[in-house]
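Asker: Line by line, the protein sequences are chains A and B. Residue 253 in my numbering sits at position 253 of the first sequence; the count goes up by one each step and never skips. Residue 186 in my numbering sits at position 186 of the second sequence; the count goes up by one each step and never skips.
No lab work stands behind these hints: they were computed from the structure. Heads up, some of the hints might be wrong.
Stated by the list, open to error - Ranges between beta-carbon positions, derived for each pair:
hint, chain 1, residue 1, chain 2, residue 2, range
1, A, S17, B, T20, 40 to 50 Å
2, B, E89, A, G383, 30 to 40 Å
3, B, Q386, A, L262, 37 to 47 Å
4, B, S3, A, S103, 44 to 54 Å
5, B, E163, A, G171, 17 to 27 Å
6, B, Q263, A, G383, 36 to 46 Å
Claimed, not checked - Cross-link-like lysine-lysine pairs, in silico, DSSO-like; alpha carbons within 30 Å at most:
hint, chain 1, residue 1, chain 2, residue 2
7, A, K165, B, K155
8, B, K155, A, K185
9, B, K51, A, K145
10, B, K51, A, K185
11, A, K309, B, K380
12, B, K380, A, K118
13, A, K122, B, K10
14, A, K106, B, K260
15, A, K309, B, K10
16, A, K165, A, K106
17, B, K380, A, K145
18, B, K260, A, K185
19, B, K10, A, K185
20, A, K145, B, K260
21, A, K127, B, K155
22, A, K185, B, K107
23, A, K109, A, K127
24, A, K373, B, K155
25, A, K165, B, K167
What the hints assert, rightly or not - Non-contacting residues of chain B with respect to chain A, defined by C-beta distances greater than 12 Å in every case (computed):
hint, residue
26, R22
27, R70
28, R299
Quick caveat: nothing in here was measured; it's all calculated off a predicted structure. The beta carbon of each residue, even a glycine, is placed where N, CA and C say it ideally should be.
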Amino acid sequence: MKNKNINIFRQIIEGFSHAFRIWMREFQLIFSDVGVMILIFAVPLIYPLLYSFIYYPEVVRDLPIAVVDLSHSSDSRQFTRDLDATPDLKVATTSISMEEAISMFKNRKVRGIVQIPKTFSKDIAMKRQTTISAYADMEFFLYYKALMTGASFVSLETGNQLQIKNLMNDGLTERQAQITAEPFKMVDNAMANQAGGFASYGIPAALILIIQQTLIIAIGILAGTARERHIFGTLVPMDRKKMGTFRLVLGKAAAYFTIYALLCIYMLGIIPEWFGYGQSASLVELIALITPFILSSIFMGLTLSVIFKNRESAMMLYLFTSIPLLFLSGIIWPLSNFSTVWLAVREIFPSSNAIFGYIKMNSLGATIFETRKEIMSLWIQTGVYFLTACITYGYQVNFSAHLRRELASHSYREIRKKIGIVG
Amino acid sequence: MKSILINIWKVAVREVNRMTSRGLYILVVLVLPVLSILFFASLFQEGVPTKMPIAIVDLDQTASSRKVARNIDVTPVSTVTENLQSETEAMSELRAGNIYGFVVIPKNFQSDILASRQPVISYYYQNGFLIAGGLMQNDLTLILHTLSGGINIQKREAMGQPEDYIKSQVQPIQLSTHQLFNPTANYSVYISTIVLPIMLQLFILLMTVYSIGIEIKERTSHEWLRLSNKSIFTAITGKLLPYTVIFFIEMMFQNFMLYKVMQIPMNTSLGWLMIGSFLFVMAYQAIGVFFIGLLPLMRHSLNLAAFYGILALTLCGFSFPIEAMPPVFQYWASGFPVRHYMHIFQSQILAGFEPRYSILSYLYLVLFFLLPLTIINRLKSALIYQTFIENVHQT
Numbered sequence: 001m002k003n004k005n006i007n008i009f010r011q012i013i014e015g016f017s018h019a020f021r022i023w024m025r026e027f028q029l030i031f032s033d034v035g036v037m038i039l040i041f042a043v044p045l046i047y048p049l050l051y052s053f054i055y056y057p058e059v060v061r062d063l064p065i066a067v068v069d070l071s072h073s074s075d076s077r078q079f080t081r082d083l084d085a086t087p088d089l090k091v092a093t094t095s096i097s098m099e100e101a102i103s104m105f106k107n108r109k110v111r112g113i114v115q116i117p118k119t120f121s122k123d124i125a126m127k128r129q130t131t132i133s134a135y136a137d138m139e140f141f142l143y144y145k146a147l148m149t150g151a152s153f154v155s156l157e158t159g160n161q162l163q164i165k166n167l168m169n170d171g172l173t174e175r176q177a178q179i180t181a182e183p184f185k186m187v188d189n190a191m192a193n194q195a196g197g198f199a200s201y202g203i204p205a206a207l208i209l210i211i212q213q214t215l216i217i218a219i220g221i222l223a224g225t226a227r228e229r230h231i232f233g234t235l236v237p238m239d240r241k242k243m244g245t246f247r248l249v250l251g252k253a254a255a256y257f258t259i260y261a262l263l264c265i266y267m268l269g270i271i272p273e274w275f276g277y278g279q280s281a282s283l284v285e286l287i288a289l290i291t292p293f294i295l296s297s298i299f300m301g302l303t304l305s306v307i308f309k310n311r312e313s314a315m316m317l318y319l320f321t322s323i324p325l326l327f328l329s330g331i332i333w334p335l336s337n338f339s340t341v342w343l344a345v346r347e348i349f350p351s352s353n354a355i356f357g358y359i360k361m362n363s364l365g366a367t368i369f370e371t372r373k374e375i376m377s378l379w380i381q382t383g384v385y386f387l388t389a390c391i392t393y394g395y396q397v398n399f400s401a402h403l404r405r406e407l408a409s410h411s412y413r414e415i416r417k418k419i420g421i422v423g
Numbered sequence: 001m002k003s004i005l006i007n008i009w010k011v012a013v014r015e016v017n018r019m020t021s022r023g024l025y026i027l028v029v030l031v032l033p034v035l036s037i038l039f040f041a042s043l044f045q046e047g048v049p050t051k052m053p054i055a056i057v058d059l060d061q062t063a064s065s066r067k068v069a070r071n072i073d074v075t076p077v078s079t080v081t082e083n084l085q086s087e088t089e090a091m092s093e094l095r096a097g098n099i100y101g102f103v104v105i106p107k108n109f110q111s112d113i114l115a116s117r118q119p120v121i122s123y124y125y126q127n128g129f130l131i132a133g134g135l136m137q138n139d140l141t142l143i144l145h146t147l148s149g150g151i152n153i154q155k156r157e158a159m160g161q162p163e164d165y166i167k168s169q170v171q172p173i174q175l176s177t178h179q180l181f182n183p184t185a186n187y188s189v190y191i192s193t194i195v196l197p198i199m200l201q202l203f204i205l206l207m208t209v210y211s212i213g214i215e216i217k218e219r220t221s222h223e224w225l226r227l228s229n230k231s232i233f234t235a236i237t238g239k240l241l242p243y244t245v246i247f248f249i250e251m252m253f254q255n256f257m258l259y260k261v262m263q264i265p266m267n268t269s270l271g272w273l274m275i276g277s278f279l280f281v282m283a284y285q286a287i288g289v290f291f292i293g294l295l296p297l298m299r300h301s302l303n304l305a306a307f308y309g310i311l312a313l314t315l316c317g318f319s320f321p322i323e324a325m326p327p328v329f330q331y332w333a334s335g336f337p338v339r340h341y342m343h344i345f346q347s348q349i350l351a352g353f354e355p356r357y358s359i360l361s362y363l364y365l366v367l368f369f370l371l372p373l374t375i376i377n378r379l380k381s382a383l384i385y386q387t388f389i390e391n392v393h394q395t
């Protein structure tokens, strides 16, 4: 009995030390491969900086527009000045014809046109409704938004003042007139990213996606390279002693986990701090979300890595998913408009829940409890992909062991021929 | 001349044989691009997001407050999915991601209106998602303004003002908005028309680099050059020809999906569309050749192609306007064919401007063809001397 206990104890110790050796060997493989080093270190270091600089202005300000003033009155000139005074718009030119304005628009000198009708001043004097026409540039969503925000703000404000003035002429007090024009007040509260900045909206998603994609591609590249390096194209080296699957999977995962845990300090800690992106999440909350995210990405990477036969396979076959995954996360297109099929596909990739959860925590200040759905999904993914990684690696381990046994009775050439490697 | 054409043909035939011999080629050239096109076409089917879940916090519970709630529910953009008891509860739901926004109708809303005490309606929306946030804001502002106008009208009627006069006074200045040269404010137009070419350029870049790089890696470049009578131009033309044809067909398939299936307006002739698509494919192939010539070790040139290809999403300017970026990136953006392709799309295809407004963009695309000339000698020597072979230690 006592003997047995010691045996189990020794086995555990041995397992750990073996896993530790695999861990260190994986480090060695990573650090001796320039291509993988660039992918794991240069990309996560450079991309966030690059994106932050590109999006640095964050919002569109002073969109150049043409005002076609057909009214030529003091009212229309005041209206034009009000447009110019909004942060969104800048009146580049006035007093031109619609044809000239359209020509400027086609040449991209102006990005929108506001037309003030001939009867503008007269309508106001006669207390008739008047119509301002705004022609928006559909090239960029943000241009469209800027013109609409600016033009509707000025129209509403001017209209409101006119209404109050007319009501006061009808004998109401100023306060009564205000309340009639505006029976209740509206308060607009933009949650998360109050300023509507583009970087604050896009970069958190990019950060999470970069972590997952570089991890999966790096694991895939190393797997492809291993197959190229091994004489029979096996994923697992044909060591004398059969390798334990658990030790193999855990040892490899430990190597990537340590590297990415350190990278996350930079990507999710320093970058948001430098550029002032939302950082409502506390350290504990971030750890609760990011730990299962990194783990599930690693195990997914290990599972996928068995299909990459060559070094370049991962880049060729997996990189393209980055763009669809950004859309699947639900930050661009609302999830309520996803079909069931895409909602299901969305659940395959850890990035979807991690991006959603990260934005919720960091920009809205959601607690761990409020992010439980995402965190639970990530842990489920971790579990599932750990199992699949063990199954696929277990198969590879057995395959290598099998080939090693074959070596006793067959020549290299025979075995290579048997498993389909020519030459 | 004739012998050159024959050689090009021979190289092309050899390439087609190589393509059919490995699964990777079929996947990258055919399966994955077509899947991507179908994915985006299906995702943006609806054009404009509808029925985004929002909540109402009705603290008043009167006829007036219920009317406000009902009106918010019937707008196409949002659907009221929850009626909650308090602002805190609603905020928690928003943070949990179950709703995109909520409206708080204050206590005594109805009596305050009647007593002219100007109550306050607050609305909150998730602005961390750009499209959802913007739509939510527009939608809620619009509906609340309409409701406010309704009360205004009732009051004026009570004051005995004539109907026509009321109409003109409630909204003295009306804003009529027109989308210049594009009748639909359709989001899928913004997104899918640019994302699809971006997906395709990624495949073109990777495939071009791979198809040449693999000859260096697997030391088959001599055989390839022999077949082309040692002319690097013949060798590259012949090799890329099958891909040009396939990717061009895929461009046209993508155009078919966009302009026929998704019914995005197309205001140019098929001829121009084909020229644009063809130049787009060729420009990216030229860049691919440039990358592998610059870094003949495939592992590095593939990294470069990946870096450049992914960056196109940002620097083509579809998400964030180029003019609003810092100047350095504005110049940098010209180095992406997809940027020029997008310009052609916006100006000629969507807006229907005369071709002269986008002729410069066509010229830019052609300019990319010259890129391989700068590295052609380096590439040729890499193919001949095979000096860029990675050393693989077999164990």
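Asker: With respect to the beta-carbon atoms only, verify the hint that B/Q263 and A/G383 lie 36 to 46 Å apart.
Answerer: holds, 44 Å
Asker: Just to be careful, I want the Cα atoms of B/K51 and A/K185 compared with a cutoff of 30 Å; is the pair within it?
Answerer: holds, 26 Å
Asker: Would the hint linking B/K51 and A/K145 be met if the CA-CA limit is 30 Å?
Answerer: Holds: B/K51 and A/K145 sit about 21 Å apart, inside 30 Å.
Asker: Given a hinted range of 30 to 40 Å, is it respected by the beta-carbon distance of B/E89 and A/G383?
Answerer: holds, 32 Å
Asker: Are the Cα atoms of A/K145 and B/K260 separated by 30 Å or less?
Answerer: holds, 28 Å
Asker: Are A/K373 and B/K155 close enough, with their CA atoms no more than 30 Å apart?
Answerer: violated, 48 Å
Asker: Between A/K309 and B/K10, does the CA-CA distance stay at or below 30 Å?
Answerer: holds, 29 Å
Asker: Under the criterion that the straight-line Cα-Cα distance not exceed 30 Å, is the pair A/K165, B/K155 satisfied?
Answerer: holds, 17 Å
Asker: Can we trust that B/R299 is non-interface, i.e. its beta-carbon lies farther than 12 Å from all of chain A?
Answerer: B/R299 is in fact no farther than 12 Å from some Cβ atom of chain A, at 4 Å.
Asker: For the pair we were handed, B/K10 and A/K185, check the Cα-Cα distance against 30 Å.
Answerer: violated, 76 Å
Asker: Could you see if the CB distance from B/E163 to A/G171 stays within 17 to 27 Å?
Answerer: holds, 20 Å
Asker: Run the distance test for A/K165 versus A/K106: straight-line Cα separation, threshold 30 Å.
Answerer: violated, 40 Å
When each numbered hint is compared with the structure, violations occur for hints 12, 13, 16, 17, 18, 19, 23, 24, 26, 28.
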